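Undergrad: Each chain, written out:
Number of protein chains: 2
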Amino acid sequence: MPTISEKGKRMPESPIRKLVPFAELAKKNGIKVYHLNIGQPDIETPQIAMDAVKNYKEVVIAYSHSAGIPLFREKLTRYYADHGIDITSDQVIVGAGASEAILFAMNSCLDPGDEVIIPEPFYANYNGFAINAGIEVRPIVSDIRSGFALPPIAEFEKAITSRTKAILICNPNNPTGYLYSEEELEVLRGIVKKHDLFLISDEVYREFCYDGRKHHSAMNLEGIEENVILIDSVSKRYSACGIRIGFMISRNKQVMATALKFAQARLSPPTFGQVAAEAALDVPETYFTNVLDEYHARRKIVVESINAMEGAYCPEPKGAFYVVASLPIDDSDRFCRWLLEAFHHQNETVMLAPATGFYSTKGRGQNEVRISYVLNVEDLKKAMHCLDEALKIYPGRI
Amino acid sequence: MPTISEKGKRMPESPIRKLVPFAELAKKNGIKVYHLNIGQPDIETPQIAMDAVKNYKEVVIAYSHSAGIPLFREKLTRYYADHGIDITSDQVIVGAGASEAILFAMNSCLDPGDEVIIPEPFYANYNGFAINAGIEVRPIVSDIRSGFALPPIAEFEKAITSRTKAILICNPNNPTGYLYSEEELEVLRGIVKKHDLFLISDEVYREFCYDGRKHHSAMNLEGIEENVILIDSVSKRYSACGIRIGFMISRNKQVMATALKFAQARLSPPTFGQVAAEAALDVPETYFTNVLDEYHARRKIVVESINAMEGAYCPEPKGAFYVVASLPIDDSDRFCRWLLEAFHHQNETVMLAPATGFYSTKGRGQNEVRISYVLNVEDLKKAMHCLDEALKIYPGRI
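Respectively, the protein sequence lines represent chains A and B. Here my numbering is used: the first residue of the first sequence is 97, the next is one more, and so on. Here my numbering is used: the first residue of the second sequence is 97, the next is one more, and so on.
Since the hints were made in silico from the structure, they are not lab data. Hints may be right or wrong, so weigh each one.
Claimed, not checked - Mimicking PhoX-like on lysine-lysine, the simulated pairs with C-alpha atoms at most 25 Å apart in a straight line are:
(1) 171/B with 171/A
(2) 124/B with 349/B
(3) 171/B with 124/A
(4) 171/B with 310/B
(5) 310/B with 153/A
(6) 349/B with 349/A
(7) 124/B with 171/A
(8) 150/B with 477/B
(9) 171/B with 123/A
(10) 396/A with 310/A
(11) 478/A with 128/A
(12) 349/B with 114/A
(13) 150/A with 171/B
(14) 150/A with 153/B
(15) 289/B with 105/A
(16) 477/A with 123/A
(17) 153/A with 150/B
(18) 254/B with 349/A
(19) 171/A with 477/B
(20) 105/B with 123/A
Stated by the list, open to error - Quick partial rundown of chain A residues pointing at chain B, CB under 10 Å, derived from the structure:
(21) 101
(22) 136
(23) 237
(24) 240
(25) 316
(26) 331
(27) 360
Being a predicted model, the structure only gives us computed values, none of them experimental. Built from N, CA and C at the ideal position, the CB exists for glycine as well.
Put together the whole structure using the sequences plus the hints.
TA: Structure (structure tokens):
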């Protein structure tokens, strides 16, 4: 029997998905599981997007342009203009989710052995994408005690080698909810310019900023216009994760011409998803106001609940819909599995993502979990109550 | 300005897509272009698939299972059972088209530097996928004069090195339309078993076999059950290229567990596409009979027309909907571009794919083109007439 690849062996299991079989078993045993492990919002997809798909008139569902339907990309530029980002439609390639867009970016900019610096904890699947593309992740640590702020410039300088080709940030951040300030982005701009690096900026949570904070896009950093690659997605914005529509955006012509070759090899992004996403661009601003109010209320419950639990702590994030919390536990992988396998409170339990998977440095995140506040307020309260009860009796409590 | 990756520089342009700007220009100038360059059928997508999407009831378009919706995969196993292929639903991973499925297979089985043997001419994008995965293609030549039959076993033996990890075939073949016989598959079985290789078998044109020929799947080769990976897609079968639904199928548990990690990293395949594809599985057998009759008539026109042109030749393919034809031309890239840029016959012209892009050996395919017979009989006749007229006056005629 031939053996699988070394690359495949190194590929990590998804911290968001690996406990799914245990959750399924719990459900089979009659336990209600609150899913706070995954960024799958319960918000309804806008009706306007659903209707566009239902009213789709073509009789052949054909390949679209490899970079995405031209009129869709054209309309998209107006969305970005409204958000202060000035681009043209040929600076956009539509991917099957931000996932594919990130792979396009990594493959177009980095070669096997090249290094990308990522402040950790970071979106776990960046690890998988890096292995997929054969590139190396060099993490620099952002710490829960400083609210997961951008590490000081000295940390970046220490991490840079002759193979460093890019810095990757996620802003607002998944998993920490951290929102980068203008000053922090200026620091990044300086490093990127000095070392002539690519800056890959994943801004899929752009709309999710709280307390009146403003989002600053890396696309508007002056003097590094050719260095920046924006990663975006409509999955979270319109609660439409399943349509698989994301974007790779850059003003660097060489990068876009190269990414287009990768896009052409796989022919086209999903047609129905593009139809839905194009229509969703017409949702009124009030849609986001309502959604934000809802997430704001959810954040309050999670942050207050966690910080009221003995030995637990989480900073109040300014964006996205995640928190990373430190808990009085020995091992977050063991704890999250135990929640599904051995615990229930009045026939209910909660599914969390162990934070270990969001770090690339071994040993980090062992007493941290990521919590997605993607459920309604009532369910979140019950889920937090479950967690509180669980911490009281978890055998590995420290 | 940072430079793009070496990988990106090596990435080939798609021979199917690279002439699109010239076709667009021709259209702007009022020329009607017959698109025989791409495998985009004009057959209507089954109404049952369209209706399933229109009747989709969920209010949140959520991520599906990373391997695809479980009930969809379950139903799919019955399709395969009906086609004599015995698999279970956990032996299937749904990809965003066969394209993604091939990347999953390559990444799961081969490491950078490992080699895959592919009889050429082959589906051009295999080159791109190989570069994407960092692996090396070792072509062995199948020749137009022998109707593109499988090269003799000695050719495989010559191509095998210590880095050879897999053989990749496409059956029925794109671009040649060649349908492998049972005897040829037995030859492959012997090589695969002897050298313990993976056999990646792309069978997306399974239904398109002519003259009463039967398709033999690599999944039914005895003694190499753990070696075979089936690549499949609903794009051509149901004329639904834009839904982006393909499959990676294997009985090798290690391979599937590894591929699932790559699938989990990108979260899920497109939801609407899965809904459409699941419904399409219910189309009656008569759908295929009608479609086959249509393609049979189209093949006849193309094959007879080409062979009636002076200095032109193509074998009669037994499957898929492509032919590779040799033409009396100096350079197929130049010729195909000239057709769009400098030629028209009564304000019409034809777009073909230069065969050079379907070979990995430099210099091969220079007097060959791939023709997709995906248009209706009347249009095909006109397109063939255009080609005939073009060959009479092409300045590079030899």
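Undergrad: For every hint, state whether the structure bears it out.
TA: Evaluation of the provided hints:
This hinted pair does not check out: residue 171/B and residue 171/A have alpha carbons roughly 38 Å apart, beyond 25 Å. Between residue 124/B and residue 349/B, the direct Cα distance comes to roughly 53 Å. Violation of the 25 Å bound is thereby established for this hinted pair. This hinted pair checks out: residue 171/B and residue 124/A have alpha carbons roughly 22 Å apart, not beyond 25 Å. The suggested pairing of residue 171/B with residue 310/B holds, with an alpha-carbon distance near 23 Å, which does not exceed 25 Å.
Between residue 310/B and residue 153/A the CA atoms are separated by roughly 36 Å; this puts the pair beyond 25 Å, and the hint is violated. Pair hint residue 349/B plus residue 349/A does not hold up; C-alpha atoms about 43 Å apart against a cutoff of 25 Å. Taking the CA atoms of residue 124/B and residue 171/A, the gap is about 22 Å. The hint holds against a cut of 25 Å. At most 25 Å may separate the alpha-carbon atoms for a hinted pair to count; residue 150/B and residue 477/B exceed this at roughly 36 Å.
For the given pair, residue 171/B sits about 24 Å from residue 123/A by alpha-carbon distance, which is consistent with the 25 Å threshold. The straight-line distance between the Cα atoms of residue 396/A and residue 310/A is roughly 19 Å, inside the 25 Å bound, and the hint therefore holds. With a CA separation close to 11 Å, the supplied pair residue 478/A and residue 128/A stays within the 25 Å bound. A threshold of 25 Å between alpha carbons decides the hint, and for residue 349/B with residue 114/A the separation of about 17 Å falls inside it, so the pair holds.
Of the pairs offered as hints, the one joining residue 150/A and residue 171/B holds, with about 24 Å between alpha carbons and a cut-off of 25 Å not exceeded. A distance of roughly 11 Å separates the Cα atoms of residue 150/A and residue 153/B; the hinted pair therefore holds under the 25 Å criterion. With a CA separation close to 23 Å, the supplied pair residue 289/B and residue 105/A stays within the 25 Å bound. At roughly 20 Å between alpha-carbon atoms, residue 477/A and residue 123/A fall within 25 Å of each other, so this suggested pair holds.
With a CA separation close to 11 Å, the supplied pair residue 153/A and residue 150/B stays within the 25 Å bound. Distance hint between residue 254/B and residue 349/A is unfulfilled; the C-alpha atoms sit about 42 Å from each other, more than 25 Å. For the suggested pair residue 171/A and residue 477/B, the alpha carbons sit about 39 Å apart, so the restraint of at most 25 Å is broken. Straight-line distance between C-alpha atoms of residue 105/B and residue 123/A comes to about 50 Å, which puts the hinted pair past the 25 Å bound.
For residue 101/A, the shortest C-beta to C-beta distance to chain B is roughly 5 Å, which falls under 10 Å, so the interface hint holds. Interface hint at residue 136/A: satisfied, since its Cβ lies 6 Å from the closest Cβ of chain B, which is below the 10 Å cut-off. Violation of the interface hint for residue 237/A is found here, the shortest Cβ-Cβ separation to chain B being roughly 23 Å, above the 10 Å cut-off. The restraint placing residue 240/A at the interface with chain B is violated, with a minimum CB-CB distance near 25 Å, outside the 10 Å limit.
Because the beta carbon of residue 316/A sits about 18 Å from the nearest beta carbon in chain B, more than 10 Å, this interface hint is broken. Taken as an interface hint, residue 331/A checks out: its beta carbon lies about 8 Å from the nearest beta carbon of chain B, inside 10 Å. The interface hint given for residue 360/A is met, as the beta carbon of that residue sits about 4 Å from the closest beta carbon of chain B, less than 10 Å.
Comparing the model with each numbered hint stated earlier shows that hints 1, 2, 5, 6, 8, 18, 19, 20, 23, 24, 25 do not hold.
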